[in-house]
Amino acid sequence: SQQGEEDPQALSIQEGENATMNCSYKTSINNLQWYRQNSGRGLVHLILIRSNEREKHSGRLRVTLDTSKKSSSLLITASRAADTASYFCATAFNTNAGKSTFGDGTTLTVKP
Amino acid sequence: DAMVIQNPRYQVTQFGKPVTLSCSQTLNHNVMYWYQQKSSQAPKLLFHYYDKDFNNEADTPDNFQSRRPNTSFCFLDIRSPGLGDAAMYLCATSRGAGDLYSNQPQHFGDGTRLSIL
Chain A
1 SQQGEEDPQA
11 LSIQEGENAT
21 MNCSYKTSIN
31 NLQWYRQNSG
41 RGLVHLILIR
51 SNEREKHSGR
61 LRVTLDTSKK
71 SSSLLITASR
81 AADTASYFCA
91 TAFNTNAGKS
101 TFGDGTTLTV
111 KP
Chain B
1001 DAMVIQNPRY
1011 QVTQFGKPVT
1021 LSCSQTLNHN
1031 VMYWYQQKSS
1041 QAPKLLFHYY
1051 DKDFNNEADT
1061 PDNFQSRRPN
1071 TSFCFLDIRS
1081 PGLGDAAMYL
1091 CATSRGAGDL
1101 YSNQPQHFGD
1111 GTRLSIL
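Those protein sequence lines, which keep their order, are chains A and B. Read in the numbering used here, the first sequence has 111 at position 111, and its numbers run on one by one without any break. For the numbering used here, add 1000 to where a residue sits in the second sequence, where the first one is 1.
Next comes chain A alone, as it looks inside the complex:
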């Protein structure tokens, strides 16, 4: 399967703590994207990182990509209750132009 796999499946932290989620994949990618999904809503794009990039930042979000290990991580710093959501990585493979394959996601709960 080309699907990315997130780890952990579920994460529960206190407000103000940092949250780290990981995504691993099996074949060479063109890019990797992270999305957030609030309960009952659609997905919201967070960050896209290309295969030739190692790190990207957006506000409290930091994404790293290690193509040698075929893995990516999403770090949310100083978490807030509003960050409670499911987070998905989506991988675009070189052989599948136009498509991204989503992993099963990490469910993050931030307790106030």
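Hints are computed from structural coordinates only; laboratory data are not their basis. Heads up, the beta-carbon is just placed ideally off N, CA and C, and yes, glycines get one too. Honestly, I wouldn't trust all of these hints.
Derived DSS-like pairs (lysine-lysine); straight-line CA-CA distance at most 27 Å [as the list claims (entries may be wrong)]: (1) B:1044 x A:69; (2) A:56 x A:26; (3) B:1038 x A:99; (4) B:1017 x B:1044; (5) B:1017 x A:70; (6) B:1017 x A:26.
Reference excerpt, derived from the structure (chain A facing chain B, CB under 10 Å, subset only) [unchecked claim]: (7) 9; (8) 30; (9) 33; (10) 40; (11) 41; (12) 48; (13) 67; (14) 69; (15) 84; (16) 85; (17) 88; (18) 112.
Using the hints provided, position chain B relative to the given structure of chain A.
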């Protein structure tokens, strides 16, 4: 605001009764996607359009069809829904940019939750 709109948010249909879900977008994106998402699972791509070119996934059941009459609208038709088709259906768009349009972020609607009686 430019957006992706899915109607209805909730749809109930009977086993075997055809149902159509709709998606419209004001982003003027040339790529539109349909995903199926079951509880606590990854969104699963059913098919997508690049302009008028239809791209079906190999494992999408024949029961699922799609139409895109113009840039703004896309429809998902389920010809004979079974109990296993109960799910959230998500529409997404992206800006096509040549062969590797997967480099573009996708913009999602809030989905239609389909229930089968």
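Structure-based check of each hint:
1. About 25 Å separates the Cα atoms of residue 1044 of chain B and residue 69 of chain A, which keeps this hinted pair within 27 Å; it holds.
2. Between residue 56 of chain A and residue 26 of chain A, the direct Cα distance comes to roughly 22 Å. Compliance with the 27 Å bound is thereby established for this hinted pair.
3. With a C-alpha separation of about 19 Å, the suggested pairing of residue 1038 of chain B with residue 99 of chain A holds against the 27 Å cut-off.
4. Proximity of residue 1017 of chain B to residue 1044 of chain B is assessed by CA-CA distance (about 23 Å); at most 27 Å being required, the pair is judged to hold.
5. For the suggested pair residue 1017 of chain B and residue 70 of chain A, the alpha carbons sit about 44 Å apart, so the restraint of at most 27 Å is broken.
6. Between residue 1017 of chain B and residue 26 of chain A, the direct Cα distance comes to roughly 40 Å. Violation of the 27 Å bound is thereby established for this hinted pair.
7. Against a cut-off of 10 Å between C-beta atoms, the interface hint on residue 9 of chain A holds, since the closest Cβ of chain B lies about 9 Å away.
8. For residue 30 of chain A, the interface hint holds, since its Cβ comes within 10 Å of a Cβ in chain B; the closest pair sits about 6 Å apart.
9. A hinted interface residue such as residue 33 of chain A counts as satisfied when its beta carbon comes closer than 10 Å to some beta carbon of chain B; here the least separation is about 6 Å, so the hint holds.
10. Among the interface hints, the one on residue 40 of chain A holds; its C-beta lies about 8 Å from the nearest C-beta in chain B, closer than the 10 Å criterion.
11. Taking 10 Å as the C-beta cut-off, the interface hint given for residue 41 of chain A holds, the closest approach to chain B being about 5 Å.
12. Taken as an interface hint, residue 48 of chain A checks out: its beta carbon lies about 6 Å from the nearest beta carbon of chain B, inside 10 Å.
13. With a least beta-carbon distance of about 16 Å to chain B, the hint placing residue 67 of chain A at the interface is violated under the 10 Å criterion.
14. With a least beta-carbon distance of about 21 Å to chain B, the hint placing residue 69 of chain A at the interface is violated under the 10 Å criterion.
15. With a cut of 10 Å, the hint placing residue 84 of chain A at the interface with chain B is violated, because the nearest CB-to-CB distance is about 15 Å.
16. Checking residue 85 of chain A against chain B: minimum C-beta separation of about 13 Å lies over 10 Å; hint violated.
17. Restraint check, residue 88 of chain A versus chain B: the minimum CB separation of about 7 Å is within 10 Å; hint holds.
18. Proximity of residue 112 of chain A to chain B is violated relative to the hint, the smallest CB-CB distance being about 24 Å (cut-off 10 Å).
When each numbered hint is compared with the structure, violations occur for hints 5, 6, 13, 14, 15, 16, 18.
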